[in-house]
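Novice: Sequence:
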Amino acid sequence: MPTMTNYNPDVLSCLANLSSDEVFTPPDLANQMLDLLPAELWSNPEARFLDPAC
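The sequence shown begins at 1 in my numbering and counts up one residue at a time.
Any given hint might turn out to be false.
As the list claims (entries may be wrong) - Label-pair restraints from in silico Cβ distances:
(1) Asn6 x Arg48: 31 to 41 Å
(2) Val11 x Pro52: 18 to 28 Å
(3) Pro9 x Leu29: 29 to 39 Å
(4) Leu50 x Tyr7: 27 to 37 Å
(5) Asn6 x Leu34: 34 to 44 Å
(6) Asn17 x Glu40: 30 to 40 Å
(7) Pro52 x Asn6: 35 to 45 Å
None of these hints come from the bench; they were simulated from the model. Backbone N, C-alpha and C define an ideal beta-carbon position, used for all residues, glycine too.
Construct the entire structure; sequences and hints are all you get.
Specialist: As structure tokens, then:
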């Protein structure tokens, strides 16, 4: 019987499965969009993201 000690759920999948009235972008689509960004962006401490919903 497999154990769940190494189980690490995908955060986007967990959010998509929450029951609420919010409509989330499907996790697969969000990951595809994030993959379009240049790799060096993730290691740049000066990088900033704008959240227009705030």
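Novice: Hint by hint, say whether it matches the structure.
Specialist: Against the structure, the hints come out as follows:
Look at Asn6 against Arg48: about 34 Å separates their beta carbons, and that is inside 31 to 41 Å. Restraint check, Val11 to Pro52: a C-beta distance of roughly 21 Å satisfies the suggested window 18 to 28 Å. A C-beta distance of roughly 18 Å is found between Pro9 and Leu29, which places it outside the suggested range of 29 to 39 Å. For the pair Leu50 and Tyr7, the beta carbons lie near 33 Å from each other, so the given range of 27 to 37 Å is met.
Checked against the hint of 34 to 44 Å, the C-beta distance between Asn6 and Leu34 comes to roughly 24 Å, which is inconsistent with it. Taken as a hint, the range 30 to 40 Å holds for the pair Asn17 and Glu40, whose Cβ atoms sit roughly 32 Å apart. Between Pro52 and Asn6 the CB atoms are about 37 Å apart, so this pair conforms to the stated range of 35 to 45 Å.
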